[in-house]
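We have chain A; now place chain B onto it with these hints.
This is what each chain is made of:
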Amino acid sequence: MLRSEDIMSTIRMFQQENLDVRTVTLGVNLLDCSASDVGQMCRKIRRKIMSKAERLVAVCDDTESKYGIPIVNKRLAVTPISAVAAGQGEEGFLEVARALDKTCEEARIDLIGGYTALVQKGATEAELALLRSLPRVLAETQRVCSSVNVASSKAGINMDAVALMGRLLKDIAERTADRGGFGCAKLVVFANIPEDNPFMAGAYLGYGEPEFVINIGVSGPGVVKRAVERALSSDKGLDLGDVAEEIKKTSFRVTRVGELIGREVAAAIKAEFGIVDLSLAPTPKVGDSVGEILQAMGIRNIGAPGSTAALALLNDAVKKGGLFASSSVGGLSGAFIPVCEDCALADAVEKGHLRLEKLEAMTSVCSVGLDMVAVPGDTPAETIAAIIADEMAIGVINHKTTAVRIIPVPGKKAGEKVSFGGLFGESAIIDVPRGNGAQAFVARGGRIPAPLQSLNN
Amino acid sequence: MSQSIVLSVLTRDRVGIIAAATRALFELDANIDAISQTVLQGYFTIILTADLPDGVSLDTVRDRVSTCIPGGELSVSIQKRDRAAQTTRVVREGDRFVLTIIGEDRPGIISRISGYMTSRGINIEDLYAYLEDERFILIGEVSIPKEQDVHLLQIDLEGLWRESKVTVRLQHVDIFTATNEIDFRQITRSASDLG
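Sequences listed follow chains A and B, in order.
Take the first sequence: its position 417, counting from 1, is numbered 417 in this note's numbering, and each next residue is one higher.
Take the second sequence: its position 48, counting from 1, is numbered 48 in this note's numbering, and each next residue is one higher.
Heads up, simulated BS3-like pairs for lysine-lysine below, C-alpha to C-alpha not over 25 angstroms straight-line:
#1 A/K285 x A/K249
#2 A/K358 x A/K400
#3 A/K52 x A/K66
#4 B/K165 x A/K66
#5 A/K319 x A/K358
#6 B/K146 x A/K270
#7 B/K165 x A/K285
#8 B/K146 x A/K66
#9 A/K417 x A/K285
#10 A/K248 x A/K320
#11 A/K102 x A/K48
#12 A/K400 x A/K320
Just so you know, the hints here were simulated from the structure itself, not pulled from any lab data.
The following block holds chain A by itself, in its conformation from the complex (with noise of 0.2 angstroms):
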């Protein structure tokens, strides 16, 4: 039998500490969508996920009620669209981005993601018709959303293809320039990339995964900073063993919201039921914030000496808590620190307290990566290239997934600000000191090998 307490922690998750499901993402193998002719191939798409997404939209808004939940977003991810219009050329690829934009549109889903490339160990010609077409398309189109995965823990790193990323985000930035260079939030350069990310921008269907799948992203930045601020206002003697306890049993609690609801929400629309990704997504709102909990941590200025150890802490905690709550755990799952998106780490930025060097080195301990950072407009093509390298190598090194989506904001300088609205938020630009020192480097190209499988040291 429930008990009283029981049923008001869970109504205060909801209506108090901003716990939400972040997206219910739909994906959908496009592989059968093939065709010579572009205009035959867009049909097919658009008829391949109306037939599923068409009622995705209603079927959340049914379970919304039934449990009281919001769902935030509604997504698609879909097979690697250098796969399905391989042969295609750059105008073909375009044409196809909008289809995609169109159905999205069409059906209500707020973004969709796939529009992706692997491209580790080297490029097809596919796949680099694809990545030159990703100027126009993320400029002129509104809900695609675009990932490249760059290098992984197997194949090592791909450094042409992280270089020709360097001259394209500058590429995208300009053409978006009017919106701050937003064209660039639609893109993540991805270190081993997850088949099964509900997140976007770098949700995307793997080659793996089931014809139709519901993936879900759970959401509670606010939900376990409060746990935190209860705990450590309740008992003044705690240490951070006990801390990681608390958010344990708060991540079992939201991973549990999300599974119930992917699966309700999967048996509806007669979809495979695939993971829940308790990754912690910050949104621009205060107290929904990652930054907040390393704070009510006792960090006081993030970025100072101690917020690495204290994001390790919070990161191990919450999947451990998640894990025992779920089998079906995947995706990222860990804690974002997307810059922008999260209001106390742009703060933090604009205060000078947190550094793009001090925000790499939490990215070692943390998902995703350098995310929703702005830079100056003017970096150079090169340098962005290399910050892709850095988190790229952490990624490679250590087995994990790292990734950039990095904003080069044209016409600002280093402590301006720039605001992408909605969820996307606002910050300063974060400075690149000694930006110019890799060129050489970069431009050097070819492959950095994949590292040693063990002597783990």
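Using the frame of chain A, we list chain B on its own:
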């Protein structure tokens, strides 16, 4: 042959009430088969069902239980039990939802909510309410007939307290079980069966 009874006792809480009441029943050769007991703000209440040998009158049981429990004013109520009540559902087919009302304390909240529930054929199966930090909190478990649209009910409920600082929510019981209990397999199976 035996007869089945349902009996309740209400009195100020003190040590020994259950011992006294059950001793009285034991001495009448009654066999208790279910008990629910609670204490609310210092007042004790118990409801139990029992089998009683034929020939023992309900008045005898009431008198023996009343005289057995020492000290203080008490009321004992007894009636014959219809065994079919245990298996007959009040709501023919329905899902269990948790009703919560949280907000400013004012007269009439429970009357209004229960009146509304009655008008929609919804059975209240469990209910408790209390004041915490000057906020009124009501938690109920209700059984909602399958044909009812929960979304429309929710809209109606919000309308009932539109003008005041009261939040009212209906949420399927599974969300509370999932977030509070270790065992979750039963729930996930039933959700998967929906399709």
